[in-house]
Amino acid sequence: MPYADKQMVKAPMKPSPSLIYNNLTACEGSLLYAHIRQACTFALSGMKASGVPVDVRKVESQLGDVKLGDVIHSVTACSHNAFAFIVLATDAGVQIWDSSAYHLLYVAPLPAAASLDVSLRHSTFARAAAINVAADGTPHVVFGSSSGSLFCLPLNEREGRFKGAPAALPAHHKSPITAIGSAYQSRQGKWTEDLGCNLVTCDEEGGIAVWEALSIGPGYKLLTSIPPSGTPVVSVAVRRDIVVAARLDGAVQLYGLRDGKLRADMGSASRLLSSMAIHPTKDIIATAAEDGSLHVWALPIGGAKADLLLSVCWMHAVLTGVAFCGPTSDDVAVVAYDTDEVHVYKYAA
Amino acid sequence: MSELAMPLLVVNLGCEMVYILEQRLKAQNIPADKSCKVLNDVIRTMFDAEYVDKLFAPQDMYSVSKTRKIFDRLAHSSIMRLSESSMDKLYDLMLMGFKYQLLCATKLEQMLDVSLLHLVTVRSIVEGLPDRSSLPLIATVERLLGRTYRGLGQGALHLVRQTLLRFFQDKRVKVSLFLQEGIQSSMGRIILPSPANTYVGTVTTYDMAGGLESQEKFKVKSSTIDPQEFFVHPVPLGSNLYNKERPKVVPPPRKGDALTAPIKSEDDYKTNADDEADRQRCGPQWGPGGAEFAYLSALLNVKAPPADNFKLNLFGDEGDAAGGPAQSSNLAFSGAQADAHLAGVMS
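Chains as they are written, first to last, in UniProt numbering: chain A, 1 to 349; chain B, 1 to 347.
For the record, the hints were derived by calculation from the structure and aren't laboratory data.
Here the structure is a predicted model, which is why all the values come from computation and not from measurement.
Yeah, the Cβ is synthetic: ideal placement off N, Cα and C, and Gly gets one too.
Wrong hints could be hidden among the right ones.
What the hints assert, rightly or not - Here are the simulated DSS-like pairs of lysine-lysine, each with C-alpha atoms no more than 27 Å apart in a straight line:
hint : chain 1 : residue 1 : chain 2 : residue 2
1    : A       : Lys305    : B       : Lys217
2    : A       : Lys58     : B       : Lys171
3    : A       : Lys6      : B       : Lys255
4    : A       : Lys6      : A       : Lys346
5    : A       : Lys163    : A       : Lys190
6    : B       : Lys66     : A       : Lys58
7    : B       : Lys174    : B       : Lys255
8    : A       : Lys14     : B       : Lys217
As the list claims (entries may be wrong) - The following label-pair restraints were derived from C-beta to C-beta distances:
hint : chain 1 : residue 1 : chain 2 : residue 2 : range
9    : A       : Ala298    : B       : Arg150    : 35 to 45 Å
10   : B       : Ser186    : A       : Pro2      : 33 to 43 Å
11   : B       : Arg150    : A       : Ala49     : 47 to 57 Å
12   : A       : Asp259    : B       : Pro253    : 23 to 33 Å
13   : A       : Lys174    : B       : Asp53     : 49 to 59 Å
14   : B       : Ala209    : A       : Pro170    : 24 to 34 Å
15   : A       : Glu157    : B       : Ala209    : 37 to 47 Å
16   : A       : Leu222    : B       : Gln228    : 44 to 54 Å
With the hints as constraints, model all of the structure from the sequences given.
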């Protein structure tokens, strides 16, 4: 087996991660997570041996003289060719940082359309992000909002910058967006022939929408939708013609991208699944849940059979983020809410 | 974030406070008339109709320090006076109690169940008092809780939970009672319920027509761990753990304590993020308190202390030992009696 619970390196890490969906992302040799209103980052190379604290840097969000201190709802690393970005979705909108998390490249306040939310159950916020490339070749980042609205920001490839105001996708979701995925996001920006231009978005009521991006913004066309089941999808990925949706109740469900039909159901947690990561080149996923369980699965797609590659229980820990990391993205890092430790399960080829 | 988290926070923390105060008033042999007055005044102030009405209006969460101020006012809404040290410890116990209940709930709907059980238990305390005038207020809160949270979807409930747990982040205090009864490990971590169930590890595949194609069961780690390593405390979440009449719980021996990092002292974890954010959000024109907080806090109908107030020494470690200056009442007392149930309640 390539993973074993004994092949684990753990290191003290402060501050502790918050309990939000998918609170761990890997970007160019570093791991990032959110501690309430602050993004935190540390280099994987700093994890020398178990017990040696990692050197965590808090990302100082400042725009001019104003410190940005909004609650963070998601942290996502997006890559496109030579560029890598970190997208923080917050109460106020999105912040886009360079891969080092030193330079704030772009700030997009939540558009007015996102504030048209009359539920009064929650404040307005942005949550979830993914990179996609439209059929016309425009790379862009899509992010969601608490009203169910989706917005995209085109990337100027020549300059490596985001410009202009976010453009709205056609309306569809009526409850807060919980997860966004695309084949390109799932490959971490590594181009393959089967990528397509599909985007998958999920909402708090458990609905899933599959879009085709002919061009950005209004150029998005809804292909198919899976009706709300009542159980939100906390993380979603796309691999070839399959949507991989991790639901809050612990199920990871595989749906056909075009027909929306259920292909497989994988019991990954007993309750409150909080995070799922997909390997950029292999058909494997890692899931983490508030019940302390961490699993690495080989997906039953492309003729392959399902397999459980790693099963771990982090005792008395509410897991909140999992990410593939390391030089070949084969190691699995996991963090827990209110816990000052990171665990990395090393891959043994 | 959710704008429905404050009622759960205030109601549950408030009920925990009533549990602790009731136990301490009994333990320190405070005369019955004064004990009843304290409990009644605190409960009536906490569940005052106008205050509750505003509490249940959608609003942002307050920070830990601002919420502490609300409970400070509540605790002093009667003839009882607490020292700063007692109030700090009381607040820590309240926070850890509700944090434990939140973390050990296995279903999101349990947040409502815990809250309602808190109210049922406080109701039973009131029913034992000569003055039961706060009973209708409790009934109103029960109705409002049901109306607000029943029928919320899983996603909305989880957002409430995330918002509440953000409040409790980095609040880690070892509580002797919790350590003794196996709610916290020896390292101070709250023992969570087991992750094992029959569904985990099951992979089901379907054919193109939606029919069952195959089902396979994989062995998962959680199924191999002794169930006693997980949360097994028999008292329902939200019950009065401080009730001396309940049977003491002896936890099973656990090997798992050594597998996670020890809890560190709270000083290591203090963050100023929320207070800083409050200052930013509220803006200088509202002053350090913030308009919304000031409004809710002001609604607490706290009267000026009457002449016969007394000081309650909650945890027996305070400076006003025998020989200390008497309070304005005739009830200055010299430290707590030895109380095995809550002795050394803070580790």
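Hint-by-hint comparison with the structure:
1. A:Lys305 to B:Lys217: holds, 13 Å
2. A:Lys58 to B:Lys171: The hint holds at about 20 Å.
3. A:Lys6 to B:Lys255: Satisfied, since the Cα-Cα distance of roughly 17 Å is no more than 27 Å.
4. A:Lys6 to A:Lys346: This hinted pair holds, its Cα atoms lying about 9 Å apart.
5. A:Lys163 to A:Lys190: holds, 23 Å
6. B:Lys66 to A:Lys58: holds, 25 Å
7. B:Lys174 to B:Lys255: Holds, because 19 Å separates the two Cα atoms, which is no more than 27 Å.
8. A:Lys14 to B:Lys217: violated, 38 Å
9. A:Ala298 to B:Arg150: 35 to 45 Å: holds, 41 Å
10. B:Ser186 to A:Pro2: 33 to 43 Å: Once the Cβ atoms are compared, 35 Å apart, the range 33 to 43 Å for Pro2 of chain A and Ser186 of chain B holds.
11. B:Arg150 to A:Ala49: 47 to 57 Å: Given about 51 Å between the Cβ atoms, the range holds.
12. A:Asp259 to B:Pro253: 23 to 33 Å: Given range 23 to 33 Å: violated, Cβ gap about 54 Å.
13. A:Lys174 to B:Asp53: 49 to 59 Å: For Asp53 of chain B against Lys174 of chain A, whose Cβ atoms are near 29 Å apart, the range 49 to 59 Å is violated.
14. B:Ala209 to A:Pro170: 24 to 34 Å: holds, 31 Å
15. A:Glu157 to B:Ala209: 37 to 47 Å: holds, 44 Å
16. A:Leu222 to B:Gln228: 44 to 54 Å: holds, 51 Å
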